[in-house]
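Number of protein chains: 2
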Amino acid sequence: MNQHFKRTILAALAITALSLAAQAQQAPKPEQIIKWRQSVFQVIGWNSGRIKSNVEGTYNKEEVVKAANSIAAIANGGLGPLFAAGTETGKGWHETSVKPALFAADSKVGEYATAFAKEATELAHLAATSDQARVKEQFGKLGRTCKACHDDYKSKD
Amino acid sequence: MNQHFKRTILAALAITALSLAAQAQQAPKPEQIIKWRQSVFQVIGWNSGRIKSNVEGTYNKEEVVKAANSIAAIANGGLGPLFAAGTETGKGWHETSVKPALFAADSKVGEYATAFAKEATELAHLAATSDQARVKEQFGKLGRTCKACHDDYKSKD
Chain P
110 MNQHFKRTIL
120 AALAITALSL
130 AAQAQQAPKP
140 EQIIKWRQSV
150 FQVIGWNSGR
160 IKSNVEGTYN
170 KEEVVKAANS
180 IAAIANGGLG
190 PLFAAGTETG
200 KGWHETSVKP
210 ALFAADSKVG
220 EYATAFAKEA
230 TELAHLAATS
240 DQARVKEQFG
250 KLGRTCKACH
260 DDYKSKD
Chain H
110 MNQHFKRTIL
120 AALAITALSL
130 AAQAQQAPKP
140 EQIIKWRQSV
150 FQVIGWNSGR
160 IKSNVEGTYN
170 KEEVVKAANS
180 IAAIANGGLG
190 PLFAAGTETG
200 KGWHETSVKP
210 ALFAADSKVG
220 EYATAFAKEA
230 TELAHLAATS
240 DQARVKEQFG
250 KLGRTCKACH
260 DDYKSKD
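Order-wise, the sequence lines are chains P and H.
Heads up: the first sequence is residues 110 to 266, going by our numbering.
Heads up: the second sequence is residues 110 to 266, going by our numbering.
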């Protein structure tokens, strides 16, 4: 092996090591990912509560539009990486409520997420264009997509 | 005072009491409000990180659009009630990082929130219509609205 070839190999190895180190540095820890995940559902819950009190009481269209837009953007925001390998168990703000079945090969979480995003998009559309009764109906539909997933994959605590 | 009048007064008082009780039941506790507030900033932070790694590395437009839309919807989502009276101090997921000055009469938090929403909206627009360099520039502009508010109103911990 000549000197030049050795140097090239060493340089390539060094670059690979640096690149792996940079990746390791960038990859968020499971605890942080679970915190983000729990935070996302808190923000969805906050906005759902705002819509609920509006459709069941005095209706403020502007308020409902804001809340529905937030839910729709989050639902379409690509939540998959928040359920990354390594986050099956563990603590974010609190112990994860996700059941192991969500991570299994036959998990229907992808279908549930698609249904959630679809109904959230429709709710945001109706919030801007329709009336309290129609929004209330669609809010119920959205809630059923939440419940379907929670029934299968969220532990009761 | 005749019997009928007494009954009317008592009925009115009872309704007022019930209404106040219902309001008290519906009003979220400061701890819950602080949890929502902290969760909102976690979700903003998560999405900012996604945009940062895209504008500084390999650019995935779809990913940036999703993250920018989430930040824009939240920034325009009416965050004021998350800084309600009674949440100046206290613990959500952790002790609040908000400085008392945010709640003072001369607080500039409203101006900061408006600037944040404006730049977030522009970022979402550019993410959908423009290129990496332009998005990176606007992301920097958005970051400066975050920093301005944090410098004044977020304690370092």
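In case anyone wonders, no lab produced these hints; they're calculated from the structure.
Take these hints with a grain of salt, some might be off.
Which copy? The list can't say, so a pair holds if one copy fits it or any two copies do.
[Claimed, not checked] Simulated pairs of lysine to aspartate or glutamate, DMTMM-like, Cα-Cα distance not exceeding 25 Å:
1) LYS217 with GLU171
2) LYS245 with ASP215
3) LYS245 with GLU231
4) LYS161 with GLU140
5) LYS227 with GLU171
6) LYS265 with GLU231
7) LYS263 with GLU204
8) LYS245 with GLU220
9) LYS250 with GLU197
10) LYS227 with GLU204
11) LYS208 with ASP240
12) LYS263 with ASP240
13) LYS250 with GLU140
14) LYS227 with GLU165
The model shown is predicted, which means the values in this text are computed figures rather than measured ones.
Between LYS263 and GLU204, at a C-alpha cutoff of 25 Å, which is it: within one copy, between copies, both, or neither?
Intra 12 Å, inter 27 Å, cutoff 25 Å: intra-copy only.
At most 25 Å between C-alpha atoms: does LYS263 with ASP240 qualify within a copy, between copies, both, or neither?
neither (32 Å within a copy, 39 Å between copies)
Are the CA atoms of LYS245 and GLU231 at most 25 Å apart within a copy, between copies, both, or neither?
within (12 Å within a copy, 31 Å between copies)
Given identical chains, is LYS217 near GLU171, meaning Cα to Cα at most 25 Å, within a copy, between copies, both, or neither?
between (34 Å within a copy, 24 Å between copies)
Indicate which option fits the pair LYS161, GLU140 if close means a Cα-Cα distance not exceeding 25 Å: within, between, both or neither.
between (31 Å within a copy, 20 Å between copies)
At most 25 Å between C-alpha atoms: does LYS265 with GLU231 qualify within a copy, between copies, both, or neither?
neither (29 Å within a copy, 41 Å between copies)
Measure nothing new, just compare the shortest in-copy and cross-copy C-alpha distances for LYS250 and GLU140 to 25 Å and report within, between, both or neither.
neither (32 Å within a copy, 30 Å between copies)
Evaluate LYS245 and ASP215 at a C-alpha cut-off of 25 Å and name the case that applies: within, between, both or neither.
The answer is neither: 33 Å in one copy and 39 Å across copies each exceed 25 Å.
Intra- versus inter-copy proximity for GLU197 and LYS250 (alpha-carbon distance at most 25 Å):
For LYS250 and GLU197, neither the intra-copy (28 Å) nor the inter-copy (37 Å) Cα distance is at most 25 Å.
Within, between, both or neither: how does the pair LYS227, GLU204 come out at a Cα-Cα threshold of 25 Å?
neither (29 Å within a copy, 36 Å between copies)
Up to 25 Å between alpha-carbons, please classify LYS227 paired with GLU165: within, between, both or neither.
within (23 Å within a copy, 31 Å between copies)
Could you place LYS245 and GLU220 in one of the four classes (within, between, both, neither) given a Cα distance threshold of 25 Å?
within (23 Å within a copy, 34 Å between copies)
Hints 2, 6, 9, 10, 11, 12, 13 from the earlier list are contradicted by this structure; the remaining hints agree with it.
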